[in-house]
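Participant: Protein chains in written order, with numbering that gives the first Met the number 0: chain A, 0 to 339; chain B, 0 to 339.
Any given hint could turn out to be false.
Same chains, same label: a pair holds when it works inside one copy or across any pair of copies.
Okay, derived cross-link-like pairs now, DSS-like style, lysine-lysine, Cα gap no bigger than 27 Å in a straight line [what the hints assert, rightly or not]:
#  : residue 1 : residue 2
1  : K286      : K273
2  : K286      : K150
3  : K122      : K173
4  : K242      : K28
5  : K86       : K205
6  : K205      : K69
7  : K242      : K144
8  : K304      : K178
9  : K178      : K13
10 : K13       : K173
11 : K69       : K173
Derived from the structure by calculation, the hints contain no laboratory data.
Residue-level listing of the chains:
There are 2 protein chains.
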Amino acid sequence: MSETTEDNIQVLFKSAPDGLPTEDNFEIKHTPIPSIGEGQFLLRNLYLSLDPYQRMLMGGGWTYSGGDLKPGDLMVGRVLGEVIESKNPDYPLGTYCVGRLGWQTHAVSDGSNLDFTVPRDSKIPLSAYMGAAGSTGVTAWVGLKITGQMKPSDTVLISAAAGAVGSAAGQIAKANGCKVIGIAGGPAKCKIVTDVFGFDACVDYKAPDLTGQIKAAAPDGIDLYFDNVGGDVLSAALANMNKGGRIPLCGVLAAYNAEGEPPTVANMGKIFDKSLRIEGFVQTQYKDRWDEARAELIDLIQSGKLAYRETIADGIDAAPSAFIGMLQGANVGKQLVQLA
Amino acid sequence: MSETTEDNIQVLFKSAPDGLPTEDNFEIKHTPIPSIGEGQFLLRNLYLSLDPYQRMLMGGGWTYSGGDLKPGDLMVGRVLGEVIESKNPDYPLGTYCVGRLGWQTHAVSDGSNLDFTVPRDSKIPLSAYMGAAGSTGVTAWVGLKITGQMKPSDTVLISAAAGAVGSAAGQIAKANGCKVIGIAGGPAKCKIVTDVFGFDACVDYKAPDLTGQIKAAAPDGIDLYFDNVGGDVLSAALANMNKGGRIPLCGVLAAYNAEGEPPTVANMGKIFDKSLRIEGFVQTQYKDRWDEARAELIDLIQSGKLAYRETIADGIDAAPSAFIGMLQGANVGKQLVQLA
């Protein structure tokens, strides 16, 4: 096979960053393309998904988990790959698969470590399965529909609304009949949130009085706050919640790169006063609902109701710098790396 | 009737306190005993229950609700009264009733505004229906069993553990098979928590390193944290929560009397990292479960598994000072006022 003349190029975890990572925290390594055994198949990876949770796995600074990666480990991440060699009849050549196979150009699988296979007759772009029709969209769907118990009458507030998960969440909520308010940083991002993603309004967390801005945009209060950031933005949202409100907590961007004292949250008494529910979730808790979620997401994308943006870096060598940029908000929409 | 020679003595709300209330925020008023119409009955109130939520209703300082009471309003509170005059066959003379009828020595009812009637053959003290067999015990039961989804395998952490709700919660959790850790202020209160209320351990929030103290008492982590206080204690609990942990939020003592900046909470990222659920609740959300809860509480009291303490002030005139004392932690257990 011609592939054996290539290398498998990997990005390894080298050391824990103190705050924002630098390229020194990663190591690029060339290894031979692995050979496959019975029941296995070889994937040439096309896209790598970069996500904030990967920063958490690196540890250091003020991360919650303490870092799951050890020096020399392959960086964790979801990829979309094409089967280019197969000894498994369920995965013939040309099959597109998505799974958490790491930051590398090739991967071996027997199918057990995959998330899903792309439908053969798919009419949406392949890269969408890394984002709006993949873990990004499913995360938004799970947060709204399962953890957030979304109802059509809800007024929904969404932070990091110009981001991949936030923009998907807003459009899913709109498609389900909700009034949707976004929170984003700066007038340009706010304009994208309303004009491209169709939110009813968007408030600017970099402008003064976020609490008052939210109140002006949602005078009847917030029923569901889809939180991607925590910290001061969560405090401002809490001040505006209606009785019985739900706050699915999808992430804590405010904390990932914090050096020194971690961010704190005010207005926590509202949880008692308004009988609120705050609940952290990850989509992997609800694998039994993934097919249902993805079917709805594919429908929304095909019918033009779920727009998404991508920032695509070129080549595996660019993964660390693209990752660092994403953590600083340099990307628009889903941050991917094109691998082949 | 001889009662008409008495007055109905009421405590009215006069003004919003700035932080801790003073007696100037209340007004004592004598009014005639009200007469009753068809279907009504007159109660002579025996006990008044003083509770932190009443501070919230007074507004001012940093309260969440902004204060529901207007100057001249009767202070809100639960009383236990005896029917002393009746034009309602369902409530004959001598019936003991509990309801939110306010800080006053007498009250008229038609039954619609009552919480429950004390069973005629009750073998536990009447005052228990104001506490461990009343709203206090039901609050603990609801927080553990409904909001907290308590399981026998849980390690349960409880703040304000020497208080009325906290001590009841700990004993209910013990009776359900849980390992129970209390948090209280000072060695004397901690000793009561373990020796009188039978908690497995109690840590002192006034001593250094609360987070480490909790970790030492519960090295395998906390599954359910019954939070009565919020603020720094909640931050320390969050640092010790296990994956999928539940935090029913029963109150925010830390905030009721805060002047200036409200307390903030750290370690909020644990909610995402550990898929935690924090949920505020009030027992009035679950009226359909009250009978079930009270039956279990009466059983536990009769069988000696639910001990409780009371601090009983004497006479309606003493209600404001007893209330102020309670907000400062001067009481042991349930704070009542004996009215007759």
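Participant: Each hint needs a verdict: does it hold in this structure or not?
Facilitator: Results of checking the hints against the structure:
Only between protomers do K286 and K273 lie at most 27 Å apart by alpha-carbon distance; the minimum there is 17 Å, versus 31 Å within a single protomer. For the homomeric pair K286 and K150, the shortest alpha-carbon distances inside one copy (22 Å) and between copies (24 Å) are both at most 27 Å. For the identical chains of this complex, K122 and K173 are intra-copy neighbours only, at 23 Å inside a copy versus 58 Å across copies, given an alpha-carbon limit of 27 Å. Taking the shortest Cα distances, K242 and K28 never come within 27 Å of each other, neither inside one copy (53 Å) nor across copies (34 Å).
Proximity of K86 to K205 under the C-alpha cut-off of 27 Å is found in neither arrangement, the shortest distances being 54 Å within a copy and 65 Å between copies. In this assembly of identical chains, the alpha carbons of K205 and K69 never lie at most 27 Å apart, being 36 Å within a copy and 38 Å across copies at closest. In this assembly of identical chains, the alpha carbons of K242 and K144 lie at most 27 Å apart whether taken from the same copy (19 Å) or from different copies (21 Å). For the homomeric pair K304 and K178, the shortest alpha-carbon distance inside one copy (15 Å) is at most 27 Å, but the shortest distance between copies (50 Å) is not.
In this assembly of identical chains, the alpha carbons of K178 and K13 never lie at most 27 Å apart, being 45 Å within a copy and 41 Å across copies at closest. Within a single copy, K13 and K173 get their C-alpha atoms no closer than 43 Å, and across copies no closer than 47 Å, so neither meets the 27 Å cut-off. Taking the closest pair of Cα atoms, K69 and K173 never come within 27 Å of each other, the shortest separation being 42 Å inside a single copy and 40 Å across copies.
Violated hints, listed in ascending order, are 4, 5, 6, 9, 10, 11; each of the other numbered hints is respected by the structure.
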